[in-house]
Every structure is written in C-alpha cells, then in structure tokens.
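Novice: Numbers 35 to 142, taken from this note's numbering, label the letters of the sequence shown in order.
Simulated from the structure, these hints should not be mistaken for laboratory data.
Be aware that a few hints might be false.
Said to hold, decoys possible - Taking CB as the label site, the calculated pair distances span:
{"id": "1", "residue 1": "His-121", "residue 2": "Glu-98", "range": "27 to 37 angstroms"}
{"id": "2", "residue 1": "Ala-137", "residue 2": "Asp-55", "range": "28 to 38 angstroms"}
{"id": "3", "residue 1": "Ala-118", "residue 2": "Gly-138", "range": "27 to 37 angstroms"}
{"id": "4", "residue 1": "Ala-127", "residue 2": "Arg-99", "range": "34 to 44 angstroms"}
Built from N, CA and C at the ideal position, the CB exists for glycine as well.
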Amino acid sequence: MALDVLAETDPTEFSVEAADDTLGTVDRRSLVPEFDHLVVDTGTWKFGRSTAIPMGMVARIDAERRVITLLCTKEQVKGAPRFARDHDTNDPAYLTRLGSYYAGILTP
C-alpha cells in the first residue's frame with residue numbers, strides 16, 4: 035500500500051501531483067486521529083499558499099523520486115474547503131468538512 039512508505043519516510047518537501055498537474059510540495063504531514071492529512075504548499079494559486087489534502091486521496095508515493103500522486107485533479111483541490119488559520123488543520127469541524135468534500139469526489 036502506498037501509505038506504508040510514509041511509515042518509514044518523512045514526506046516533507048515531496049512534490050505533490052494531482053491526476054492532471056503539479057500542485058506543490060508537502061509542508062508537513064498531520065497525524066490527527068481519523069483525519070491524517072498532508073498540508074501542501076501550493077504557491078499562490080489556492081487563495082494563499084497552503085491546502086490540506088486527506089491521505090485517502092493519495093494514489094501512490096514514489097519515495098525514490100520524492101513524489102506523491104493524488105487521485106483528484108488540480109481543480110478538485112482548488113474547490114476544497116480551505117483553512118483560514120493554520121490551527122484549523124487540527125479542528126475536527128474543518129477536517130470533517132474536508133473529508134466530506136473529498137469523499138464526494140471518490141464516490142460521486
């Protein structure tokens with residue numbers, strides 16, 4: 035499984051690619067119980083510079099190339115609930131909205 039790679043590897047600074055385009059780099063991995071996610075530095079295209087992406091959206095991890103590929107498109111990431119403050123990435127209400135949004139992508 036792709037996520038097994040992260041048990042032994044810190045994904046910080048890995049490149050993140052959507053199904054159709056490059057998104058940015060991993061700023062950090064957050065291990066919130068039941069809401070494990072990546073915070074990805076996207077530059078400026080997403081309302082600012084960072085977005086949270088649930089680990090369930092990871093299609094594969096290439097530790098050798100340091101690339102994480104997602105199951106969703108760049109536009110789908112752009113449509114995700116954004117966080118206003120960094121500590122929102124640990125807020126259960128925000129993480130529930132985020133999880134519901136991405137679950138809708140996986141099960142249309």
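Novice: Each hint needs a verdict: does it hold in this structure or not?
Specialist: Results of checking the hints against the structure:
| no. | hint | verdict |
| --- | --- | --- |
| 1 | His-121 / Glu-98: 27 to 37 angstroms | 34 angstroms, holds |
| 2 | Ala-137 / Asp-55: 28 to 38 angstroms | 22 angstroms, violated |
| 3 | Ala-118 / Gly-138: 27 to 37 angstroms | 22 angstroms, violated |
| 4 | Ala-127 / Arg-99: 34 to 44 angstroms | 36 angstroms, holds |
Hint violations for this structure: numbers 2 and 3, all remaining hints satisfied.
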